[in-house]
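Enquirer: Please build the complex by placing chain L on the supplied structure of chain V, with the hints as guidance.
Quick note, the sequences are listed as chains V and L, same order. The numbering used here puts the first residue of the first sequence at 1, with every later residue one more than the last. The numbering used here puts the first residue of the second sequence at 1, with every later residue one more than the last.
Since the hints were made in silico from the structure, they are not lab data. Note that CB positions come from ideal geometry on N, CA and C, so glycine has one too. Each hint should be verified, as a subset may be incorrect.
[As the list claims (entries may be wrong)] Estimated spans, in silico, between C-beta atoms of each pair: (1) D160(V) / E89(L): 56 to 62 Å; (2) Q135(L) / A310(V): 28 to 34 Å; (3) D160(L) / E276(V): 23 to 29 Å; (4) A312(V) / R277(L): 44 to 50 Å; (5) P290(L) / A312(V): 43 to 49 Å; (6) D162(L) / E276(V): 26 to 32 Å; (7) E292(V) / L131(L): 53 to 59 Å; (8) Q135(L) / E292(V): 55 to 61 Å; (9) D123(L) / D7(V): 42 to 48 Å.
[Said to hold, decoys possible] Derived, one-sided and incomplete: chain L residues facing chain V with beta-carbon distance under 7 Å: (10) G157; (11) L158; (12) T216; (13) R217; (14) G218; (15) L221; (16) A222; (17) V225; (18) D259; (19) M267; (20) G306; (21) A310.
There are 2 protein chains.
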Amino acid sequence: MTDSQIDVVISEVGPRDGLQSIKRIMPTEAKLLWINALAKAGLREIEVGSFVSPKLLPQMADTGDIVRATVSIPGVTILALAPNLRGAEGAIAAGVHKVTMPVSASREHSMANIRKSPEEAVDEVRKVRALLDAQPAETRPGLEIGISTAFGCSLQGLVDEDWVIQLAVMLVEAGAESVGLSDTAGHANPAQVRRLFKRLNAELGDKAGAAHFHNTRGQGLANVVAALDVGVKTFDASQGGLGGCPYAPGASGNVVTEDLVFLLEAMGLRTGVNVERLLTARAIILEGLPGEHIYGNVPDAGLPKGFVYAGAPA
Amino acid sequence: MTDSQIDVVISEVGPRDGLQSIKRIMPTEAKLLWINALAKAGLREIEVGSFVSPKLLPQMADTGDIVRATVSIPGVTILALAPNLRGAEGAIAAGVHKVTMPVSASREHSMANIRKSPEEAVDEVRKVRALLDAQPAETRPGLEIGISTAFGCSLQGLVDEDWVIQLAVMLVEAGAESVGLSDTAGHANPAQVRRLFKRLNAELGDKAGAAHFHNTRGQGLANVVAALDVGVKTFDASQGGLGGCPYAPGASGNVVTEDLVFLLEAMGLRTGVNVERLLTARAIILEGLPGEHIYGNVPDAGLPKGFVYAGAPA
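Only chain V is shown next, with the shape it has when bound in the complex (with noise of 0.2 Å):
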């Protein structure tokens, strides 16, 4: 399937949202099994890691590794995540596709989180702008940033709509090439959802960037459908929905890929990615985590009798 045959296309975050969030570490040979399984079940945008302190998060210290053992995987955009300058110069000295920043619209979240206030993570994506645009044109990186926190805050509660769509704005001018919103902890329903991404398409254009939604109160899917609706056309999401919300234990994490895949599919909107092999890369996560939960109905139940990919030939 060509890039021009995929309508929606589905951003795996696992090896990055959902590795972080488990204590333990995966082995980098496992990490790359998995990666690979998962370009093999048509992913064509991995997010592989994190250049954190490994202090910080020692299951991301192999990033650079990582990234440098997966770029040349035909087809598949390579994203990491860079939480400052340092952590780009880390992503472009490995060799990323794209560098992809959060910023947080909670300002007591933004505290918390990098002891940043929002307009102080905006002057870090200006440095950052910078630092790619001094880049050789043919290897210079992209960079997106994800608005954290969009949709509501754990510890502030609500955030406001105008405030978010600001600041967006401001990532637009600060050198952002793409601007998304995520739902950090599970806060946003299919009303804000339409609403806030009606209006960041609106300011952005073909700048407004990806939805990434987190199921922690089971409306990741619900959210998907409204984002759909106003025109989103990249959803994030997490194989077996790792990613586990700190402030919800037991709820599952992100959006589970495979359940995705299903909806859009079904739903006739092509994404090029294969459950069945998706199921096959599940099975590699739970060989580098023994043990570990990992979500999802669909694989769960399977897919149903009479089910057709919607790019499948009539």
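Expert: Relative to the frame of chain V, chain L by itself:
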């Protein structure tokens, strides 16, 4: 809250759909405590049992007693399922407010389930209509039909959409006061939900009934969002997601009432149901069925900081 202040009716099916899928029998006293707690939480429609052979479903053997003990709860419509004329006789004798009859769109499912074709099931509805018409008007129960396997069938796979709509029309002609669509085994997707309910509305007008979604493949709330878009106003749900699908071990069953209430209220749609009181009712299930596994993301994660009910004073 008066009925006119309700935007969406949640019809709780746990005491019927949930309990009949669990092998153990919840004692009558526990059922009554649970149903009363559901009513206290604000649910206005409760399906309390099924008039079927106690040999087939001993869990439902006390349905007559349950109906008699609950029909006088103020403001609550008490429903019971009747698969046939004999069941309807029992329901009428016990004094239900509404009889609900399932009719399967899938020929294979219908034969396997009740050894009748869909057309023969329509004939049975006609007989129940005649029986109801023979009752005194002031105590005559209503009659609603749920078309099961309306979105697909585990046995035959795809179910023809034209046929589902044709069957709905036949059922109204046979005397149903409303006809809803049920996703018995978790096949439905939001695009299909919009198509089918749009056609149902167009054909049946105000006789178009409830949406009954299962969460077998995690798509329950996504399908609710789609159904809301095309004007569906009544949704079946089951507290704790009770009602597991026999074809999907480990998968949760009905849409979880707690998660549905959160979805709707967060979207600004008034349900009259209080989530905190639902959590109290959960404890009663576990007292009645110790160790039973019940589902729900909102019960695990809690309501988010800053949450306000749609009907709450500003």
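Enquirer: Hint by hint, note whether the structure agrees.
Expert: These are the hints, each one checked on the structure:
1. D160(V) / E89(L): 56 to 62 Å: holds (59 Å)
2. Q135(L) / A310(V): 28 to 34 Å: The hint (28 to 34 Å, Cβ to Cβ) is violated, given that Q135(L) and A310(V) are roughly 50 Å apart.
3. D160(L) / E276(V): 23 to 29 Å: holds (26 Å)
4. A312(V) / R277(L): 44 to 50 Å: Because 47 Å falls inside the window, the suggested range holds.
5. P290(L) / A312(V): 43 to 49 Å: holds (47 Å)
6. D162(L) / E276(V): 26 to 32 Å: Given range 26 to 32 Å: holds, Cβ gap about 31 Å.
7. E292(V) / L131(L): 53 to 59 Å: holds (56 Å)
8. Q135(L) / E292(V): 55 to 61 Å: holds (58 Å)
9. D123(L) / D7(V): 42 to 48 Å: Hint holds: Cβ distance 45 Å, inside 42 to 48 Å.
10. G157: It holds, given that the least Cβ distance between G157(L) and chain V is near 3 Å, below 7 Å.
11. L158: Given a least distance of 4 Å, the restraint on L158(L) holds.
12. T216: holds (5 Å)
13. R217: Nearest chain V Cβ about 5 Å off; hint holds.
14. G218: Hint on G218(L): holds, closest Cβ of chain V at ~3 Å, below 7 Å.
15. L221: Check passed: Cβ of L221(L) comes within 4 Å of chain V, closer than 7 Å.
16. A222: holds (4 Å)
17. V225: Interface hint status for V225(L): holds (5 Å vs cutoff 7 Å).
18. D259: holds (4 Å)
19. M267: With Cβ-Cβ at 4 Å, under 7 Å, it holds.
20. G306: holds (3 Å)
21. A310: Given a least distance of 10 Å, the restraint on A310(L) is violated.
In terms of the numbered hints stated before, the structure departs from hints 2, 21, listed from lowest to highest.
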